[in-house]
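Q: Protein chains in written order, with our numbering: chain A, 1 to 347; chain B, 1001 to 1440.
Hints should not be assumed to be uniformly reliable.
[As the list claims (entries may be wrong)] Using 20 Å as the maximum straight-line C-alpha spacing, the simulated DMTMM-like pairs for lysine to aspartate or glutamate come out as follows:
#, chain 1, residue 1, chain 2, residue 2
1, B, Lys1118, B, Asp1103
2, A, Lys4, B, Asp1344
3, A, Lys339, B, Glu1402
4, B, Lys1422, B, Glu1402
5, A, Lys285, B, Asp1115
6, B, Lys1306, B, Glu1026
7, A, Lys17, B, Glu1018
8, B, Lys1118, B, Asp1130
9, A, Lys17, B, Glu1055
10, A, Lys17, B, Asp1344
11, B, Lys1403, A, Asp327
12, B, Lys1403, A, Glu328
13, B, Lys1118, B, Glu1181
14, B, Lys1117, B, Glu1181
15, A, Lys227, B, Glu1014
16, B, Lys1324, A, Asp6
17, B, Lys1017, B, Asp1209
18, A, Lys76, B, Glu1366
19, A, Lys339, B, Glu1366
20, B, Lys1224, B, Asp1115
21, A, Lys17, B, Glu1014
22, A, Lys17, B, Glu1378
23, B, Lys1082, B, Asp1101
24, A, Lys4, B, Asp1325
25, A, Lys17, B, Glu1015
26, A, Lys339, B, Asp1209
27, A, Lys227, B, Glu1378
Just so you know, the hints here were simulated from the structure itself, not pulled from any lab data.
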Amino acid sequence: MIPKPDWAVSVSPHIRKGTTTSQIMWTVSASLMPVLILSIYNFGFRSLIITLISVLSCMFVEAISQKALGRAVSVKDGSAVLTGILLAFVIPPGVPYYLPLIGAVAAIFISKELMGGLGYNVWNPALVGRAFLQASFPVAITTAWIAPQQLAKGAWDVFLSPGSVDAISTATPLSVVKQYGITALTQQFGGLDSIYWNFFLGFKPGCIGETSALLILLGGLYLMARKIITWHIPVSTLASAALVAWIFGGQTWFSGNPLLHVLSGGLMLGAFYMATDYVTSPTLKSAQLIFGVGVGALTVLIRLKGGYPEGVCYAILLMNCLTPAMDEWFQPSRFAPPKAAPVAAGK
Amino acid sequence: MAGTTFAKGGIHPEEHKELTEHLAIEEMPPPSQVVLPLSMHFGAIAQPVVKKKQEVQEGEVIAVVEKALGASIHSSVTGVVKAIEPRPHPTMVRCDAIIIDRDLSAPPRQYSTEDWKKLSREQLLARIKDAGIVGMGGAGFPTHVKLSPPPNAKVDTLVLNGAECEPYLTTDHRLMLEYPEKVIEGARIILRVLGIKQCVIGIELNKADAINVMNKAAAQSSEKDDTVVRVQGMQVKYPQGSEKQLIYSLTKRSVPGGGLPFDVGVIVQNISTTMAIFEAVAMQKPLYEKVATFSGRALNRQANLKVKVGTLLSDVVEYLGGTKDLVKIVSGGPMMGFAISSIDIPVTKTTSGVLFLNSSETDLGEFGPCIHCGWCMEACPMGLSPKEVGLYVEAGRGHLTEKFGIFDCFECGCCAYVCPAKRPLVQFARLAKIAIKKRG
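Can you build the whole structure from these sequences, using the hints too?
A: Right, dumping it as structure tokens:
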């Protein structure tokens, strides 16, 4: 017997790069903070409260589920926090305060922990939460909008109402277009240029974290600079959405408005933060491009032909279904593989 | 110089070479006792030709491999055989070893250099074989066998591996700086043995001084005849020194999976081995001394030491002033070296370095689930899917991983290095290979 040494003996490699899973989660969460700040400016402190409730709910549900399932509690890794932020960002600011808790159960317990926990879920947890809420509370999820720039208007009372804030609800641009056509929208904002500008900056009614294309773009570029995400999924998603909108979005073929579709609804947040989720999107770049094309095309098809004004959530969830298969189909190109068919060693 | 590199993947780990790269090779005084394991090479275990209490001279043959693949073993000191018994071994856990008590009064053996050019190819090979030389890159493949490729192999290029891409290690760097002529002459001996004219020496650009010195020595030697010995700078990128990556970087030839370098007309030699070949042929000095890097911040003093093969690590540690905050001992580089559990093991012919890592240098944390970030696939120099192999092994399906090209994996560790979940992807790959072999 060799005596047990005073030092550690473990497998190679013995040095590791510094980046950890939880660093990635916290970095992505941090990159979303400007969006949250704008949302507070737009929709009042209600945005902040909904987001906090959502984050705490997700952490709580994760801890409880992991205890119940006999797993190590890993709330500190930040993945539940990120899911909480993203869940809040895809629901309207005017929903009742208990809604995020229900969404968190769907997102964390059903979609993540019951699937095997971090890394094993098939669908994006935050979007499962959103889809669950949309099915269960269709009225709140599609009507609880708040007109933008509440703080500037001194409307401090918005966040005090515990239930839906129907009193000041207003339609989102996508549903205005869906129901009344683009003319109604130009009347509301006063000209197409004004629409583009307000949509790009984020001064429009919408979900808590979906209004500002600019801030989402900046956050996405930051994540690219930090090498956490690459351009493949966002660019292919936005490009295919624009293309499909241009072809099919108008009265005649090739007369749609691609820019309006790209800047509207949750497409920017979906392209940069939801479709790029490591776990639920394909790993290889070539597969990511196809995944993005699917997300963009399905989004616009749902918007144009479906019953809902917005389609990003379902488009991504549908493409998520294909991810495991795409990960099997798409393998990296190998360096100098064997010339003949591989022969098992030892034969 | 821009620097050549391999086709795909690779990583840039912190080098840590500053600890020893400026320290000249230092000769450690011989220990009072050496432990020479009967296996320091790839192949059959050597059989002792000495008996207990027998007197042996420095450089005398003490164990041989008769018919099988293997290499002779020489006494590294003058003294008396104390015992032949099992002792701790770096990779085999325990192995029979010849233990020799040094005669403290015996003077070191002297060698003189002679002109090797009058020797025939067979004589050169015989001297290499008699000196017990093995590949010092790690595997310890007997060099006289490697230098006798099958007659149908059309070898045209000798590649010398001066990449030393593993962090911390500076052995080959120092050898090239301090003995450039010996390395170049060694290369010319190999060219003669192989009957070819062309040699490329690949050196990473972080060793600019070695590139300069070797360039000069190569230019001087090339004037003498029609052989071409050339130095090529390579990008600082791990695993630049891995055989297939090195060959691609220097010759743009790809060794196919399951193939050997001579399939593309190349033979690769390590710098230390090349110098040992020179000493074996021109000085008739057997391989019983090894230059190795002893580094890591747990060691009180780091050094590039020339030590007698068979010197126990405990003697080296004592010579270097002991350790503090020792967390792990690694034989070899931090990427592909293996952790060792005892310092009662000897320096062998293939020891390129021993690292004593402290808590700031190595991480012993737990690993988490795969989050499919794909960084391992970006880093893999062979274009494999380490994450899939890991998931298969965890699910008890390691035997189904052949489709991911698992037998092309040479366990360089790039995947595990970049993994944010700190997954032991190299170990998963090993388990997958074992699972496939078990199912036959």
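Q: For the pair supplied as a hint, Lys1306 (chain B) and Glu1026 (chain B), confirm whether the alpha-carbon distance does not exceed 20 Å.
A: Measuring from Cα to Cα gives roughly 6 Å; hence the hint holds.
Q: Are Lys1082 (chain B) and Asp1101 (chain B) close enough, with their CA atoms no more than 20 Å apart?
A: holds, 6 Å
Q: Lys1324 (chain B) and Asp6 (chain A): Cα distance at most 20 Å?
A: Holds, because 12 Å separates the two Cα atoms, which is no more than 20 Å.
Q: Taken at face value, is the distance from the CA of Glu1014 (chain B) to the CA of Lys227 (chain A) at most 20 Å?
A: Distance ~18 Å between Lys227 (chain A) and Glu1014 (chain B) Cα, so the pair holds.
Q: Hey, Lys227 (chain A) versus Glu1378 (chain B), does the alpha-carbon distance stay inside 20 Å?
A: holds, 12 Å
Q: Straight-line Cα separation of Lys1017 (chain B) and Asp1209 (chain B) no greater than 20 Å?
A: holds, 14 Å
Q: Given the hinted pair Lys4 (chain A) and Asp1344 (chain B), is their alpha-carbon gap at most 20 Å?
A: holds, 13 Å
Q: Does Asp1115 (chain B) lie within 20 Å of Lys285 (chain A) when you go C-alpha to C-alpha?
A: At roughly 58 Å apart (the allowed maximum being 20 Å), Asp1115 (chain B) and Lys285 (chain A) break the hint.
Q: Can you confirm whether the C-alpha distance between Lys1403 (chain B) and Glu328 (chain A) stays at or below 20 Å?
A: Cα-Cα ~10 Å, so holds.
Q: For Lys17 (chain A) and Glu1018 (chain B), compute the direct alpha-carbon distance and say whether it is at most 20 Å.
A: At roughly 19 Å apart (the allowed maximum being 20 Å), Glu1018 (chain B) and Lys17 (chain A) satisfy the hint.
Q: Starting from Lys1118 (chain B), check that the Cα of Glu1181 (chain B) is at most 20 Å away, please.
A: holds, 19 Å
Q: Is the Cα-Cα distance between Lys1224 (chain B) and Asp1115 (chain B) 20 Å or less?
A: Roughly 14 Å separates the two Cα atoms, so the pair holds.
Going through the hint list in order, the structure does not satisfy hints 1, 4, 5, 9, 10, 19 and 26.
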